Amino acid sequence: MTAWIVFAALSAVAIAAAAAMLVTMSMYRAGLYLMSSLVAIAGLFLLLGADLLAAVQIMMNVGGMMVMVLFMVMMMMDPGGESMWKMKRDMGMRGPGALAMRMPNGPPPADPKHREHYQMMADMAMTTTQLPWAIAVGAASAVGLGAVALATAAPNSDASIEVGHLLMSKYMIAFEGAAFLIVAGIAGAVMLGKRESAPKAPPTPPSAPAVDQHVHLHHGGHG
Amino acid sequence: MNGPGLVPYLAVGAALFGIGVAGILSQRSALMVLMSVEVVMNAAVLTLVAFWRFVRPDRFDAQVFAIVAITIGAVEMAAGLGLLLLLFRQRGSVNVDSARELKG
Chain A
1 MTAWIVFAAL
11 SAVAIAAAAA
21 MLVTMSMYRA
31 GLYLMSSLVA
41 IAGLFLLLGA
51 DLLAAVQIMM
61 NVGGMMVMVL
71 FMVMMMMDPG
81 GESMWKMKRD
91 MGMRGPGALA
101 MRMPNGPPPA
111 DPKHREHYQM
121 MADMAMTTTQ
131 LPWAIAVGAA
141 SAVGLGAVAL
151 ATAAPNSDAS
161 IEVGHLLMSK
171 YMIAFEGAAF
181 LIVAGIAGAV
191 MLGKRESAPK
201 APPTPPSAPA
211 VDQHVHLHHG
221 GHG
Chain B
1 MNGPGLVPYL
11 AVGAALFGIG
21 VAGILSQRSA
31 LMVLMSVEVV
41 MNAAVLTLVA
51 FWRFVRPDRF
61 DAQVFAIVAI
71 TIGAVEMAAG
81 LGLLLLLFRQ
91 RGSVNVDSAR
101 ELKG
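Chains A and B supply the protein sequences, listed in that same order.
Mapping of the first sequence onto the numbering used here: residues 1 to 223, in sequence order.
Mapping of the second sequence onto the numbering used here: residues 1 to 104, in sequence order.
Take the hints with a grain of salt, since some may be wrong.
What the hints assert, rightly or not - Derived contacts from chain A toward chain B, CB cut-off under 7 Å, selection only:
1. A19
2. A174
3. A189
Unchecked claim - Which residues of chain B face chain A? A partial, calculated answer using Cβ under 10 Å:
4. G23
5. S29
6. V75
7. A99
In case anyone wonders, no lab produced these hints; they're calculated from the structure.
The structure presented is a predicted model; accordingly, all values stated were derived computationally and were not measured.
All residues carry an ideal CB built from backbone N, CA and C; glycine is no exception.
So that you can see chain A by itself, here it is in the shape it has in the complex (with noise of 0.2 Å):
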C-alpha cells in the first residue's frame, strides 16, 4: 500500500512537471520544472530496484538540466516570461490569472487589439492545446501492453556490483563505445562552438576600440 501511495506520489509529479514545462511561459520556469520531473523519475527508479540508476540519473541528468538552464538564461530573448505578463495586462487582464505563466483560457478577445495580442502569445507557443490528448493516447497505449509475463522475484540489491562486471565483462564493447562516443561528443561540441577564427587581417594597434564580435561572425569565413 505504502508503495502505491509513494509510485501515485512521484508518477504525479513527474507527468504533472513535464506537463507544467510545456504551459509554462517562462523558460527558466520550465527548465526548473523539467528537472524536478527527472527528480521524480528518479524516484521511481528508486521504488523499482534500480538504486544505481537512481544515482546515475540525478548525476547526470539534473546537472545537464542546470546546464541547460544556464544557457537559457543567457540565449534566450525573455528567459523569465515577462513578455507575457505585460501582455496579459495589456489585454485588461486582473487577478491570478494574468499572473500565472500561462496562456489565458477560454476562446480568443473579441476586440482586435486584444486578439492580436493573444495571437502573439499563441505564436510564441510555449503552451498547446493538444497536450491532454497527447497524454491520454499515452496512457491508453500503455494499458495494452499488460498481457506479458511477469516475474515475481525481487532483484538482488547488489546493482552496482553486478552492472560493474557486465560492464567490465560482457558489454566491455559498449562500454568503451559510450566512452569513445563521450570524447566525440565532447569534441564535436567544442568544435561547433569554438568561435571561428578572424579572416587574416592586419593586426590593429591595441588602442583600438573592440569591435562587437557576438553575431556579426557569419560575415567573415565560409568561403
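Model the placement of chain B on the given structure of chain A, informed by the hints.
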C-alpha cells in the same frame, strides 16, 4: 504483489512520452525542443527499467542498457547545445523557424 505492477509504470512512461512528443512538435524554441527530447528519453529509460524489474529482475543487462542510453542522452544534449550556440551566434535567436533553408 502489493506494490504497483508493470502496467502503471508503463502508463507513466507512455504519458511522459506523449508529453515529450507534443513538446517536440509544438515548441518553437530549439531549447524547448531539446528539453522535450530529454523527457522522451527519460520515458524510454523508465519503461526499460520497469520491464527489467518485472520481467527479468535476475539479470542486469537491462541496467547496462539503461546506463548506455543515459550516456547517449548526455552526449546528445552536449552536441545539441553546441549546435544551439552556433545557431544563436549566426542568427541571434534559437527559434527553429528561422533555420529552414533546407525546406526549399
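Here is what the structure says about each hint:
1. A19: holds (6 Å)
2. A174: holds (6 Å)
3. A189: Because about 4 Å separates A189(A) from the closest Cβ in chain B, which is inside the 7 Å limit, the hint holds.
4. G23: Since chain A brings a Cβ to about 5 Å from G23(B), closer than 10 Å, the hint holds.
5. S29: With a closest approach of 7 Å, the S29(B) hint holds.
6. V75: Status holds, d = 4 Å.
7. A99: At 13 Å from the nearest chain A Cβ, A99(B) fails the 10 Å test, so the hint is violated.
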